[in-house]
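**Student:** The chain contents come next:
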Amino acid sequence: MPDTLRIKVNGKTRDIAGDGERSLLQVLREDLNLTGTKYGCGEASCGACTVLIDGEPTRSCVTPVGAVGGRAVTTIEGLAQGDKLHPVQEAFLEADALQCGYCTSGMILSVVGLLRKNPDPDEAAIAARLQGNVCRCGTYPRIVKAVQSAARAGRRAQK
Amino acid sequence: MSRQHLVDGDRIEAERYELEAAPAYRFAPSRREVFRMLGAGLLVLAVSGGAENAAEAQESGGGGGRRRGRNDAAPRDIGAWLHIGEDGTVTAHTGKTEVGQNVRTSLSQAVADELRVKVNSVRMVMADTDLVPYDAGTFGSRSTPAMAPQIRRAASAAREMLIDLAAATWGVDRAVCVAENGAIRRNDGSGTAPLAYPRLLQGKTLSRTIEDDAPRTPAAASSVPKVDGRAYVTGEHRYTSDLRRDGMLYGRVLRAPAYGAKLKSADLAPAQSLQGVVTVRDGDLVGVAAPTTRAADTALAAIKAEWETSAQQPSERDLFTRLRGAGSRGESLTGGAADERLKGTYTVAYIAHVPLEPRAAVAEWSGDRLTVWTGTQRPFGVRDELATAFGIPAARVRVIVPDTGSGYGGKHTGEAAVEAARLAKAAGKPVKLVWTREEEFAWAYFRPAGVIDVAAALGNDGTLAEWEFHNYNSGGSGLRSPYEIASRKEEFHRADSPLRQGSYRGLAATANHFARECHMDDLARAAGADPLAFRLKHLKDERLRAVLLAAAERFGWEKRRKAPGRGFGLAAGLEKGGYVANCAEVAVDAGTGQVIVRRVVAAFECGAVVNPVHLHNQVEGGTVMGLGGALFEAIHFEDGRLVNGRFSRYRVPRFRDMPAIETVLVDRRDLPSAGAGETPIVAIAPAIGNALLDATGVRLRALPLVSEGRMPAPV
Ligand code: FES
Ligand code: FES
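Those protein sequence lines, which keep their order, are chains A and B. Sequential numbering of the first sequence, starting at 1, is according to this note's numbering. Sequential numbering of the second sequence, starting at 1, is according to this note's numbering.
By construction, these hints were calculated from the structure, which means they are not laboratory data. Hints are not guaranteed to be accurate.
Unchecked claim - Cut-off 20 Å, straight-line C-alpha distance, at most; resulting in silico cross-link-like pairs (SDA-like, lysine to any residue): (1) 84(A) x 660(B); (2) 559(B) x 466(B); (3) 84(A) x 231(B); (4) 145(A) x 668(B); (5) 118(B) x 94(A); (6) 204(B) x 169(B); (7) 429(B) x 84(A); (8) 12(A) x 224(B); (9) 145(A) x 466(B); (10) 540(B) x 656(B); (11) 145(A) x 169(B).
Said to hold, decoys possible - Examples of chain A residues toward chain B, derived with CB under 7 Å: (12) 3; (13) 4; (14) 5; (15) 26; (16) 32; (17) 36; (18) 41; (19) 92; (20) 100; (21) 158.
All residues carry an ideal CB built from backbone N, CA and C; glycine is no exception.
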């Protein structure tokens, strides 16, 4: 008899059937049809599967769903407020910081996590915090620009 | 060992690794069929060369049935078509695929420019074999050079037809009619209200065929952002791996433990007994399909398989000897023992594309018709692979390519598509198969490894007098030196590659440029000349000179200041109609030998610039990818197994590897645009190699240059 797990995703409570050993990535994609979270390596090496758990960027491919508990999971689908994009999403569009876009959702969530900790990161800090996110299309320089402009927007909003 | 010698670099087919099967079937719809599909309105078919009946056919009355002309069957070589519906909807159809090069955006932009409509009102239908004309594939940097002008001409013909319609409606000379904001306006001061396209097309069925050799309209440069960018930053875009169909199962395929291993036996019973699991044994394919990926993994693990591995399995250690064949080092060069030419042997490793989205396919059968969604750069090629695999006519196979998580030349084949279709057939349900990263490493294909022998001699005046260049296995593109040389011999030698190899961004041009441009620096040193001056002295090609000078100027080549542990290098080349020059600055730690690439300047020219931002991004992306192959990417293998076939063991460029990258675009408005997906990658490795030589006095002749991130310890 499969037990049921309860997790909180993008503000909604979801009941998950089956075993808690499954990765959060697979549950998001297969059970909840939240496919914005991507598979790239399955071993916490590429960052494509990054989600926020209580605001902290987390590799969902190596996170068993049973370990999530009552913490809040945010996926790329939960970032915008209705039609209004999150400032980091806006900044990525503006800086054209994507080619094929496959790394983009993981990147954006990692950046959201980074700016939460450090609202004014310099290039070295950005590189250090995003080292685990790979963009094979090589958009790194534009991602750095996007992070900086999102940071500026965030600081303006603070004032 | 059988081996073919190709002597003249010019005659070598650039795409020698393409699997170019002749299409068994081409989609050649009649105009009527297109109108049935898209509704009445206006249709322009763009024919790539040799249209026999490039006549205009006008059918009025909306039905188009009775007065259909004899040209109804569309010519066979349609490259694209463009339709404007009665409601003004603009749809353009092409077989090109979007793999991150933003061709969807550049084609939409071309249509919008010519039709004077907003970019976001253009719908591109791409790479759906049931809905688009035949296309050989998206590679060889051909999408922009070949497709954009065709689409552009189709749109411009459509605009002219709309002008004709308006002129006829008003009974005025067409010269006073202009297209603007999706309408035709009169500029004769009459004050007449403009006629919007839908008004003009109401109840009409108009069509026209245009030929490829129509005059080229120069593209205006503008920077349109990625047309559907929003869908990517919100996670809404569905890649193949994100699709789902009703009742769909998740597939997994059993893989051999080593290349060349043969399946002796497989016990499927333990997997079969699991709930909801379908097992498949179909010739050499053993696989499972299950309601979740996790269940499929469990089922796959439950299969007990025995493999037979042959004793002789390829290993990396004898790779280069093997590629060069029986001839021992130096023997291939024509000089004897007394040969005093400056010689060098360069090697390049196999590298993997590592597209962030691995191969994926969703297959669905409906009776004997098959539909497969898959990320490939060759939808029609994959359709033919599927038709062959199942012995059905290609007309019963539909391949649809959702915009894909990149390819870089690595997604030309249809392995995942065929496997998914076999699983789906056995399961009687749609099946999604997403390759694991490890499968993508092991069972896709690699950029060819290669060995290059070079020998060159300077004349008494310090000019390059003799040049001999042998490439083993990596390929012929970029083989021919662009420099002026009195006597030259440049050969590409095929070899038996121990690993499966295929197309890669920049193809062999990267290997050939690496060897050539490193050797040019060695020659400059021998001649006591500055590397830039030495190149310019041997260069008549003014486009190549221009990018070299542009890169040198931005970099401050003349003003560079030698300092301990600091080095500067440059390299240049041309490929596929694009010209590139790189300057690089490196820092080498005196103690640890650690290498840091501090700064790279890339100057690039590929004719007229269409979208400066996207071109800039493509050059930058090529530069970043080139850094990986230059510095540390390499596939290691032993006894028929990959040693580092996973993401955590194969190093790709990351944020901290980034130098400051500056891109200079040289815009040649007077020249047609060539593609930019590949060429920007070719000169980066030699520029860094030359900078390392400048910094340390050590010449590294193997790619990757510093696999451990530091200079090799002196021996
Ligand atoms: S898929 Fe999780 S880090 Fe790569
Ligand atoms: S945009 Fe393609 S991997 Fe980052």
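**Student:** Report holds or violated for the interface hint on residue 92(A), using the least CB-CB distance to chain B and a cut-off of 7 Å.
**Tutor:** 5 Å, holds
**Student:** For a C-alpha distance cap of 20 Å, please report whether residue 429(B) and residue 84(A) respect it.
**Tutor:** Judged against 20 Å, a Cα distance of about 39 Å means the pair is violated.
**Student:** Hold the hint about residue 32(A) up to the distance rule: shortest CB distance to chain B must be less than 7 Å.
**Tutor:** Violated, about 12 Å.
**Student:** Let's test the interface hint: is any C-beta of chain B closer than 7 Å to that of residue 41(A)?
**Tutor:** Holds, about 4 Å.
**Student:** At a threshold of 7 Å, is the proposed contact between residue 4(A) and chain B supported by beta-carbon distances?
**Tutor:** 15 Å, violated
**Student:** So if I understand the rule, the pair passes when the alpha-carbon distance is 20 Å or less; does residue 540(B) with residue 656(B) pass?
**Tutor:** Violated, at roughly 39 Å.
**Student:** With chain B as the partner, please determine if residue 100(A) meets the hint condition of a C-beta pair closer than 7 Å.
**Tutor:** Holds - the Cβ of residue 100(A) comes within 7 Å of chain B, reaching about 3 Å at its closest.
**Student:** Can you confirm whether the C-alpha distance between residue 204(B) and residue 169(B) stays at or below 20 Å?
**Tutor:** Roughly 13 Å between the alpha carbons, so the hint for residue 204(B) and residue 169(B) holds.
**Student:** Should the interface hint for residue 158(A) be scored as holding, given a Cβ-Cβ cut-off of 7 Å against chain B?
**Tutor:** Status violated, d = 23 Å.
**Student:** Does residue 36(A) pass the interface check with chain B, least Cβ-Cβ distance below 7 Å?
**Tutor:** 2 Å, holds
**Student:** Run the distance test for residue 559(B) versus residue 466(B): straight-line Cα separation, threshold 20 Å.
**Tutor:** With a Cα-Cα distance of about 32 Å, the restraint between residue 559(B) and residue 466(B) is violated, given a limit of 20 Å.
**Student:** Need the status of pair residue 145(A), residue 169(B): alpha-carbon distance at most 20 Å?
**Tutor:** With Cα atoms ~52 Å apart, residue 145(A) and residue 169(B) exceed 20 Å; violated.
Going down the numbered hints, you'll see the structure goes against 1, 2, 4, 7, 8, 9, 10, 11, 12, 13, 14, 16 and 21, while the others check out.
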